[in-house]
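Protein chains: 2
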Amino acid sequence: MNNLPRFSNNLILSGILMLLVLFPLLNCSNGSKNDKNSKFGIVIHGGGGARDRIEFEKNPELERAYKNKLKEALSEGYEILKAGGDGIDAVEAAIRIMEDSPLFNAGKGASFTNAGTNELDASIMNGKTLRAGAIGAVKFVKNPISLARLILEKTPHVLVVGEGALAFAKEQGVELRPADYFYTERQWNSLQRRLKEDVPYGGKLKEKQKENNEDKFGTVGAAALDKNGNLAAGTSTGGRVKKRPGRVGDSPIIGASTYANNQTCAVSTTGLGEYHMVLLTSKEISALIAYKGMALKEAVDYALMKELVELGGAGGAIAINKNGDVAMSFTGEGMYRGFILDDGKAVVKIYKE
Amino acid sequence: MNNLPRFSNNLILSGILMLLVLFPLLNCSNGSKNDKNSKFGIVIHGGGGARDRIEFEKNPELERAYKNKLKEALSEGYEILKAGGDGIDAVEAAIRIMEDSPLFNAGKGASFTNAGTNELDASIMNGKTLRAGAIGAVKFVKNPISLARLILEKTPHVLVVGEGALAFAKEQGVELRPADYFYTERQWNSLQRRLKEDVPYGGKLKEKQKENNEDKFGTVGAAALDKNGNLAAGTSTGGRVKKRPGRVGDSPIIGASTYANNQTCAVSTTGLGEYHMVLLTSKEISALIAYKGMALKEAVDYALMKELVELGGAGGAIAINKNGDVAMSFTGEGMYRGFILDDGKAVVKIYKE
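Those protein sequence lines, which keep their order, are chains U and F.
Residues in the first sequence are numbered from 1 upward in steps of one, following the numbering used here.
Residues in the second sequence are numbered from 1 upward in steps of one, following the numbering used here.
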């Protein structure tokens with residue numbers, strides 16, 4: 001009997017302590033984990049400009065397909081990280097899943113150029129060594145992100161494009177696919193719609209804003225923190241619909257879309273590439289953290305919601321830092337996105353909340 | 001008689017005032033004009049890794065040829081600026097002069113790929129609008145900087161590469177030249193030397209440092225301030241010797257080599273492109289000015305002498321800001337460089353001083 005009240009007091013004290021410890025976790029803001037320290041984690045996007053909510057209301061299976069594919073990509077990355085693997089391996093694996101799916105504008109499902117071809121861009125960066133690899137305007141490569149990884153590992157270059165990149169792919173024996181592998185009805189129809197439009201090809205940058213969301217976005221990307229505290233990021237895309245053959249967007253440009261630096265953050269962006277290319281969005285986010293002392297989410301929001309928007313651009317970004325804070329921001333109605341931290345719980349979202 | 005002493009006093013006072021006004025100008029440090037405000041000006045480089053002093057001692061006419069060509073490029077830019085022209089016009093004009101000369105690794109005189117071809121990279125940026133144009137891995141174009149300018153003006157893209165860029169050049173009717181136009185004995189011999197070397201193609205990034213200076217550098221670039229206070233910058237190159245066809249270096253990457261922003265500075269870099277591409281050197285210089293409050297010269301020196309060197313890189317940069325301050329810094333023995341401000345006096349240099 002004497003012991004019971006003492007036990008109860010301990011229970012109450014423990015409860016208060018637990019609440020104090022848990023409070024910051026319960027206080028997380030929308031999509032941000034600024035107050036949680038995760039030993040490892042991965043955050044991904046499947047592009048901004050998500051299909052209209054109405055389309056998903058008519059076709060809930062399609063929405064489920066997107067969410068399941070995002071979860072599959074997250075899970076693939078998570079297993080690598082949980083087993084102590086490198087962040088860059090997790091990034092590559094997660095992106096390959098999305099490249100192999102026709103749902104996203106990367107690999108299979110890539111957009112078409114104005115010549116009806118598919119030209120792929122991708123890049124990957126190691127935040128520990130600051131080494132990077134990228135390929136631009138390359139045809140027939142099943143997994144552009146893996147070719148970018150080979151540029152990083154097997155050449156002294158950062159970016160190789162076009163026929164030269166395809167020749168390198170053949171030397172390295174990477175998987176190639178014939179043109180029809182990359183065909184999807186959705187992307188073909190998107191090109192046909194755009195070809196009928198009045199906007200002349202040589203239109204001004206601002207005219208791109210007239211394009212509908214689906215035509216603009218769809219790039220995939222990932223950023224990871226591994227158990228050794230190393231950051232990595234990668235991005236892969238078919239680029240904008242009706243682009244001129246040879247056009248290279250932001251996805252293979254280090255500092256525009258992909259950037260990883262153990263001292264600051266790992267980032268991948270999506271959106272109107274040409275704006276990210278002159279803002280240097282992912283490098284800008286890193287600079288805001290390094291030189292302005294901004295928190296991760298604050299830096300991502302500042303670069304996107306203020307700087308990118310003021311420039312006339314639109315898009316989104318996902319990011320992670322060495323504390324396992326994640327940020328997912330976008331200017332439009334939606335962005336396919338998700339993250340998984342060391343608790344193993346995948347969170348996937350499409351629209352604003 | 002009464003007037004004479006008064007006149008003398010005025011003369012002495014005027015002299016003191018003039019000295020006070022002129023003192024900051026006389027106090028300029030090496031290559032920097034931090035203390036002078038110029039209404040307009042242009043600063044250029046013809047690449048780092050200048051030929052050995054010994055070669056010039058044997059062949060003083062060659063040294064004169066370099067200095068004269070730099071002066072010609074500066075003069076071309078100066079006349080445009082003096083007449084109230086746009087900074088971007090001055091940048092393009094100055095770079096065209098160097099592209100047309102076999103002395104520099106850009107346009108005529110470009111380096112050779114490992115396949116014995118010449119593939120050209122260039123970019124140009126408007127610091128007022130933050131719009132940019134760039135081309136990569138393109139053959140046969142006499143003046144790559146002008147094709148980059150057309151990408152800026154006539155397309156919604158920033159970067160177009162390879163065959164797609166050549167097709168665009170043909171559409172626009174820009175001057176093309178057959179392969180033999182780009183041939184120079186110097187660059188051909190440089191390729192032959194490199195092909196005999198043991199270093200395997202797929203060598204690590206660090207191995208590039210074993211290359212001799214002449215093989216590494218030679219890019220040309222310009223940065224200008226016009227009378228309207230607008231900044232612009234541009235860069236053009238044949239790239240590194242024995243590069244893989246399709247390799248794109250830093251020269252056409254906005255934020256790596258070329259960057260211009262009226263709020264901060266206009267920059268063009270030269271050196272080992274792959275390092276500038278992951279440091280984002282020209283964007284970094286802008287960020288150091290914007291977010292760390294560094295002066296122009298301080299930011300350029302910090303990015304090159306500390307950050308680039310710590311990364312294992314080597315190279316140089318020229319820059320100008322809205323006050324007409326200019327900076328010219330490099331990590332090696334020399335960099336072909338020069339500037340001209342509103343006083344119309346061209347200053348050209350090759351080695352460290």
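Some hints could be false.
The list treats identical chains as interchangeable, and a pair is accepted whether it falls inside one copy or across any two copies.
Claimed, not checked - The calculated lysine-lysine pairs, modelled on DSS-like cross-linking and capped at a C-alpha distance of 27 Å, are: (1) K128 to K292; (2) K322 to K82; (3) K170 to K82; (4) K108 to K322; (5) K196 to K154; (6) K292 to K306; (7) K196 to K170; (8) K306 to K196; (9) K39 to K128; (10) K67 to K306; (11) K58 to K292; (12) K306 to K58; (13) K154 to K67; (14) K349 to K196; (15) K322 to K306; (16) K227 to K345; (17) K322 to K292; (18) K67 to K128; (19) K128 to K306.
No lab work stands behind these hints, which were simulated from the structure alone.
My question is about K108 and K322: at a cut-off of 27 Å on alpha-carbon distance, are they close within one copy, between copies, both, or neither? neither (32 Å within a copy, 47 Å between copies)
When no copy is specified for K196 and K154, does a C-alpha distance of 27 Å or less occur within a copy, between copies, both, or neither? Cα proximity of K196 and K154: across copies only (20 Å, versus 43 Å in one copy).
Pop the pair K128 and K292 into one bin, within, between, both or neither, using alpha-carbon distances up to 27 Å. Both ways: K128 and K292 sit 22 Å apart in one copy and 24 Å across, limit 27 Å.
Is it within, between, both, or neither for K322 and K292, if the alpha carbons may be no more than 27 Å apart? The answer is both: 18 Å in one copy and 23 Å across copies each meet 27 Å.
With 27 Å as the alpha-carbon cut-off, assign the pair K322 and K306 to within, between, both or neither. both (25 Å within a copy, 24 Å between copies)
With identical chains treated as interchangeable, where does the CA-CA distance between K322 and K82 reach 27 Å or less: within a copy, between copies, both, or neither? within (16 Å within a copy, 51 Å between copies)
Is the C-alpha distance from K128 to K306 at most 27 Å within one copy, between copies, in both cases, or in neither? Between. Shortest inter-copy distance 18 Å satisfies the 27 Å Cα cut-off; intra-copy 29 Å does not.
If the cutoff is 27 Å on CA atoms, where do K292 and K306 land: within, between, both or neither? Let me know, please. For K292 and K306, the Cα distance is within 27 Å both inside one copy (15 Å) and across copies (20 Å).
Copy assignment of K306 with K58, given that the CA separation must stay at most 27 Å: neither (34 Å within a copy, 58 Å between copies)
Using 27 Å as the alpha carbon limit, work out where K58 and K292 are close: within a copy, between copies, both or neither. Neither: 46 Å inside a copy, 52 Å across copies.
For the identical chains here, do K349 and K196 meet the 27 Å Cα criterion within one copy, between copies, both, or neither? neither (33 Å within a copy, 55 Å between copies)
At 27 Å max between alpha carbons, let me know whether K196 reaches K170 within a copy, between copies, both or neither. Only across copies: K196 and K170 sit 25 Å apart there, 36 Å inside one copy, limit 27 Å.
In summary, the numbered hints that this structure violates are 3, 4, 8, 10, 11, 12, 13, 14 and 18.
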